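Enquirer: Residue numbers (numbering that gives the first Met the number 0), protein chains in the order written: chain P, 0 to 350; chain U, 0 to 254.
Think of the hints as simulated: they come from the structure by calculation, not from any bench.
This one's a predicted model, so the numbers in the text were calculated from it and none came from an experiment.
Don't be surprised by glycine CBs; every beta carbon is placed ideally from N, CA and C.
Be careful, since some hints might not be right.
Okay, derived cross-link-like pairs now, EDC-like style, lysine to aspartate or glutamate, Cα gap no bigger than 20 Å in a straight line [said to hold, decoys possible]: (1) P/Lys112 x P/Asp54; (2) P/Lys217 x U/Glu231; (3) P/Lys217 x U/Glu174.
Cβ pair distances, simulated, as ranges [to be verified]: (4) P/Leu134 x U/Gln61: 43 to 51 Å; (5) U/His81 x P/Leu138: 22 to 30 Å; (6) U/Phe20 x P/Leu138: 26 to 34 Å; (7) U/Val23 x P/Pro240: 47 to 55 Å; (8) U/Phe20 x P/Ile345: 39 to 47 Å; (9) U/Ala123 x P/Phe294: 26 to 34 Å; (10) P/Arg346 x U/Ala123: 36 to 44 Å; (11) P/Ile42 x U/Val181: 46 to 54 Å; (12) U/Gly180 x P/Phe294: 23 to 31 Å; (13) P/Gly167 x U/Val23: 17 to 25 Å; (14) U/Phe20 x P/Arg346: 52 to 60 Å.
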Amino acid sequence: MNLQAKQMTAHVINNQSHDSLAERGLLKRIVSFREIGIFGAVIVLFIALTLINQDGDVNKFTRTENLLTIARQISMVTLLAVGMTFIIVGGDIDLSVGSVFATTGIVLGTLIKQVHMNPWLALICALLLGLLIGLLNGLVVTKLGVPAFIVTLGGLSTYRGIALGIAGGYPVTSLPVSRFYDITAGYLVIQTGRYLSIPMQVIWMLTVLAIGFVVLSKTRFGYHVYATGSNRLAATLAGIPTDRVRLFAFMLMGFLVALGSGLQLGFLKSFAPTAGSNLELRVIAAVIIGGTNLFGGSGNVLGTFLGATVVGMINNGLILAGVPTYWQFFAIGLIIIGAVVLDMQIRRRQK
Amino acid sequence: MMVSDAGSENVLRMKGICKTFGHVIALENVDFEVKGQEIMALVGDNGAGKSTLIKIASGVYQADSGKMYMAGSEVVVENPHHARGNGIATVYQDLALADDRDVSSNLFLGREPTRVLGLVDKKAMDVEARDTMNRLQIGLPSVRTEVGQLSGGQRQAVAIGRAVSQGGRVFIMDEPTAALGVRESAQVLELIKTLRTAGSSVVVISHNLHHVFSIADRITVLRHGKVVGLCEKSEVTPEEVVGLITGANIAASIN
């Protein structure tokens, strides 16, 4: 009896010391080796691009205007990639992102210009449209059982057609003056000694990032997303409403896509029905590079942000180097494949 | 007076269960009972209907006809949630674990405890997970280990740990030792006996008659969807049970 009690105590102590190792430090709990690795890649990339682009007195890469451009780019991709993280972690995928982006943006622009709606009201309508499209995608996937890949591949085409149709092929331009543009895509000016101008897209991104991080990593819903993506049958048997979980993920994606299109419209003060072409590639690339498993069950929002940073910097670097657009497609495709291969190698070694 | 069920010392009683899939008769008028604090083995060849029967008990399937009683009162089990609520904890053959998730997340799959603002209480989860695994005397590196990285026996232990931490009057285990080596099987069988000692009943499906005979109190034999035998372990030999399973020796049907 005593021996058994001692063995049990020894067990408890053993486990505790192991666990405290894993729990030590807030940083270690939020960040894993994976994210540190990608962060390292970001730093290396930044240094490399800075060195390459020194042009006499001016550095093409680190000059303010370029950094602002990158910041805005990364913000847009991250905003959407947060939604895509929920979708991929949950075991699905959404290829229609770029086309839905065009549809919600065109609707937003048309409501403001043709219907003379208040831009904020119009944005709410666009957000509702995004939710609706997400709902539609999600219902076909969960209730009709059509693989997400197929459904959203169809959506890629369908929604592009809808956007072009509503716009009549022309971009929506000459939108009336409004504070809308400042709040969606202007600058947040902070006075701390000297002026610090932060693009509003960054603020929007940080907000979405923070909320996304808390929801995915810390709430019951987030836990259910991971479970659904890791083993949908096991999740169902455990009583998790996996259909509803996936449905919400698609609706969240739709909402963020609409929000993103609103920010773009705010920035350009116009919107073309061709907007968002190949956006889904960049968004998915960000998620994968960020360490999310393409097959679901693992990954996180912070990694996605780092992935978006890598994608944004490479894109920018190629542009600064004067590389034609088609090579950028080539590069992005190669990076996605490379990231997945690397990811699979790492996982294989872990087992 | 409880008209519905005479044998109220039965923790679980299934009566007249029928289930058909298309034109395949999986179960035909099956009666199945489990007494309090007993280990009931459910044996039969492939396709005999064992999995179907326990899936009905755990709410994955609904019987076409028949009734279920727990401690004398009739219950309706429409889904796994109901089953859990009625005190039926099931450990499936493929363990139904999420490999990418850690031990404590798996232990609380679908019933994660929350604290303020609906945030998951991971600390409490980890503490209770550690406690459960310690009580089962299972050695684990940490409850934060990804389940996919554990050995077969450890994974089985996590699956059983989940059933145990949910609490239950009846534990159902589908082939608990099928994928395990000798030592790990012995550990799991000890664990099942511990559950009985602690006051629960356990239904064990197994192909391994050695294991069945080492822990079962009674044995129910299914063949082609029908019950062909219900015996006290002490009153029957493994050979006779094999005879019932395969139907080679019909005269050996003992009641």
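Enquirer: Is it true that the C-beta distance of U/His81 to P/Leu138 lies inside 22 to 30 Å, as the hint says?
Expert: Holds, at about 26 Å.
Enquirer: At the C-beta level, are U/Val23 and P/Pro240 separated by a distance inside 47 to 55 Å?
Expert: Distance hint for U/Val23, P/Pro240 is violated at roughly 30 Å.
Enquirer: For the pair P/Leu134 and U/Gln61, does the Cβ-Cβ distance stay inside 43 to 51 Å?
Expert: violated, 29 Å
Enquirer: Hinted pair, alpha-carbon criterion (20 Å max): P/Lys112, P/Asp54. Please report holds or violated.
Expert: violated, 43 Å
Enquirer: Against the range 36 to 44 Å, how does the distance between the Cβ atoms of P/Arg346 and U/Ala123 compare: consistent or not?
Expert: Given about 30 Å between the Cβ atoms, the range is violated.
Enquirer: Can you tell me whether the CB distance of U/Phe20 to P/Arg346 sits inside 52 to 60 Å?
Expert: violated, 37 Å
Enquirer: Can the suggested window of 46 to 54 Å be confirmed for the beta-carbon pair P/Ile42 and U/Val181?
Expert: holds, 52 Å
Enquirer: If I claimed the Cβ atoms of U/Gly180 and P/Phe294 lie 23 to 31 Å apart, would that claim hold in this structure?
Expert: holds, 29 Å
Enquirer: Quick one: are U/Phe20 and P/Ile345 within 39 to 47 Å, going by C-beta?
Expert: holds, 42 Å
Enquirer: A range of 17 to 25 Å was offered for this pair. Does it hold for the Cβ distance of P/Gly167 and U/Val23?
Expert: violated, 58 Å
Enquirer: Has the hinted range 26 to 34 Å been met by the Cβ atoms of U/Ala123 and P/Phe294?
Expert: holds, 30 Å
Enquirer: Does 26 to 34 Å hold as the CB distance between U/Phe20 and P/Leu138, or does it fail?
Expert: For U/Phe20 and P/Leu138 the Cβ distance comes to about 28 Å; the hint holds.
Against the hints set out earlier in the document, violations occur for numbers 1, 2, 3, 4, 7, 10, 13 and 14.
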